[in-house]
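Q: Full structure from sequences and hints, please.
Protein sequence lines, in the order shown, are assigned to chains A and B.
Heads up: the first sequence is residues 32 to 238, going by the working numbering.
Heads up: the second sequence is residues -6 to 381, going by the working numbering.
It is worth saying that the hints were derived from the structure and are not from the lab.
There could be a bad hint or two in this list.
[To be verified] Cut-off 16 Å, straight-line C-alpha distance, at most; resulting in silico cross-link-like pairs (EDC-like, lysine to aspartate or glutamate):
1) K74(B) with E112(B)
2) K78(A) with D353(B)
3) K68(A) with E316(B)
4) K231(A) with E49(A)
5) K370(B) with D204(A)
6) K370(B) with E49(A)
7) K207(B) with E270(B)
8) K43(B) with D55(B)
[Unchecked claim] If the Cβ cut is set under 10 Å, some of the chain B residues that face chain A in the computed set are:
9) I133
10) I225
11) D227
12) Q343
13) N345
14) G351
15) D353
16) G355
17) F356
18) P364
19) R367
20) E372
21) L374
22) Q376
[What the hints assert, rightly or not] Some chain A residues well away from chain B (every beta-carbon gap over 12 Å; in silico):
23) V38
24) E45
25) V52
26) E55
27) N56
28) L95
29) C100
30) R109
31) G110
32) S155
33) D158
34) A193
35) S205
36) Q213
37) I230
38) R233
Glycine included, C-beta positions come from ideal geometry on N, C-alpha and C.
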Amino acid sequence: MIGVFVVTEDPLSEAVAERLVQEENQGMWITVRMGRKGNGYLRQNIKRFNEIASSIPVLLFTDLDRIECPMALIEDWRGKTVFRDMLLFRIAVRETEAWLLADREGFAEFSGIPVHRIPLQPESLDDPKEVLINLIRRYGKKRAIKADILPQKGSTAKVGLAYNQALCRFVQDSWSLERASQCADSLNRARQRLHELRIKLRTGSHS
Amino acid sequence: MYISHLKLKNWMNFREAETPLTYTSYVIGPNASGKSNLLDALRFLRDICKPDGGGLQKAVKDRNGITKLRCLHARRDPEVKIEVNFNERSDDPSPVWRYVLGFKSEGKGAQRLFVSQEEVWHKNKSILKRPDSSDSKDSILLTETHLEQTRTNASFRDIVDFFSSITYLHLVPQLLKYGDRIGGNRLEDDPFGQGFLERVSKCQQRTRDARLKKINGALAAAVPHFKELRFIKDDVTGKPHLEAQYEHYRPNAGWQRENQFSDGTLRLLGILWSLLEGNSLLLLEEPELSLHQAVIEQLPALIDRIQRSTKQRRQIIISSHSEALLSNTGIDPRSIIVLEPEREGTKLRQVNADERKGLDAGFSIAEVVLPQTRPKKIEQLGQMRLFE
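A: Right, here's the structure in full:
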């Protein structure tokens, strides 16, 4: 069994990471979960995560958010540090929510939004989270899901109190990685890298 | 002397569990995993040793009998067993003392509670091994431990003294504040701090003044506008009270009594007093309750400071859920006991090799180990529709 660290910025991306590891299966399991404190925390501690990756695979997920391109984000975070082979630094373009929307059928089923309303290229959205919330507000058919995900009337909060819980459940129960990676290239690549890492570790060729 | 190892069999949540202990130990785990039950195993040994009417039978009865106390997962083997090792120093090659107590129902007739095993070892030499020949002649002897009898425990009085002086604190501010109005039934040993003021009152004046002075300093740092703490006895009723004065724009705003103190102030006061009181094993249940994160963060260092200031270093076992408490990167990873509920009862474990890698990279227990104690399905709790 290969143990991995999963480092994420929030519960939702942790749920996504769990699915990725689960799907890769073949003797990979999460031994330590860390983060859930926003991306500032990940960035601030990137050297330490890199150090952990000297002896055990570290799967680190962050959102690209408003930054121009993934390379720019990596350069900015990395500085002069050399990233270890076992640090799998994966960036969701632009947010984890885009990866969720990328399973259009699944998300339509989950939320009651007609499938043709869900964007075909979620990675091209500037603010996938906002799009997701607006879609649910306008087209969502399920009262319970709306109550979980949308902010309460009059509240200045951006999301509902059970936003993460509802979406985590979707990720755990019905999100299809297969379908989603066809519409989200950054997810597809994350999957591939994880697969390659496992193969490499199994053959013992990592440095 | 301190407890260096604890092993439990069929004790409440624990079917089979053991853990090393250090001078300071932090017990962490999800709700209902058995943190309090772990501490209770040690309180149980104390209850047996109580000079005023302790004993095995009573200690078991106070826990509603052996059927309630025994682990639900106990099947073929109905024996409950507690094994404790003591060290003098952390580098002792083998334990200085070792005490083993096993007990179970008779299994027939009146279902009396019998000692099934009682052993004492001193530096690997057996001092006591029961059941012995007199037990087999007179089985009634097995209803009592040798631990609880002064006539039989003379050769291992060190252990008896250690157990009987264990203190447990889980101060509940409301019980102290509204004690008179609630009409206080008080448990033996006052675990919830109802009689806290009497404890302060019974203390010799010089010692009391010295302790209150120290506590005064600590409260002044932790509680905004706090100025002074004093102990008085009410002129009319003669009851003991603590009073505090706050910096105030009115110079003669007067003294506030403990029933006007905030919950946090009272809890901190209780914790500090217990830390300063005595040098025996102290069990602290969730010291973080009612306290501000900034205060909690200081507790590990404060506890260590107090431990080092006494002649005989005292052992402290702390149960906690607090991220702030465990965020101190100076906490020794060996002092962490993680409770993991499993199908067949809770397991005790130490920080594992993978978590160690995270700690080695400079992260704290709160960042690496505490998140692993989160229940797997906890997200569902926030989504429950309980009122629809």
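Q: Now, for every hint given, state plainly whether the structure supports it.
A: Status of the hints after comparison with the structure:
no. : hint                 : verdict
1   : K74(B) with E112(B)  : 11 Å, holds
2   : K78(A) with D353(B)  : 12 Å, holds
3   : K68(A) with E316(B)  : 13 Å, holds
4   : K231(A) with E49(A)  : 20 Å, violated
5   : K370(B) with D204(A) : 12 Å, holds
6   : K370(B) with E49(A)  : 13 Å, holds
7   : K207(B) with E270(B) : 12 Å, holds
8   : K43(B) with D55(B)   : 13 Å, holds
9   : I133                 : 53 Å, violated
10  : I225                 : 47 Å, violated
11  : D227                 : 48 Å, violated
12  : Q343                 : 14 Å, violated
13  : N345                 : 8 Å, holds
14  : G351                 : 6 Å, holds
15  : D353                 : 8 Å, holds
16  : G355                 : 5 Å, holds
17  : F356                 : 6 Å, holds
18  : P364                 : 5 Å, holds
19  : R367                 : 8 Å, holds
20  : E372                 : 5 Å, holds
21  : L374                 : 8 Å, holds
22  : Q376                 : 5 Å, holds
23  : V38                  : 9 Å, violated
24  : E45                  : 9 Å, violated
25  : V52                  : 14 Å, holds
26  : E55                  : 18 Å, holds
27  : N56                  : 18 Å, holds
28  : L95                  : 24 Å, holds
29  : C100                 : 28 Å, holds
30  : R109                 : 16 Å, holds
31  : G110                 : 17 Å, holds
32  : S155                 : 30 Å, holds
33  : D158                 : 24 Å, holds
34  : A193                 : 5 Å, violated
35  : S205                 : 15 Å, holds
36  : Q213                 : 27 Å, holds
37  : I230                 : 21 Å, holds
38  : R233                 : 18 Å, holds
Checked against the numbered hints given earlier, this structure breaks hints 4, 9, 10, 11, 12, 23, 24 and 34; the rest are met.
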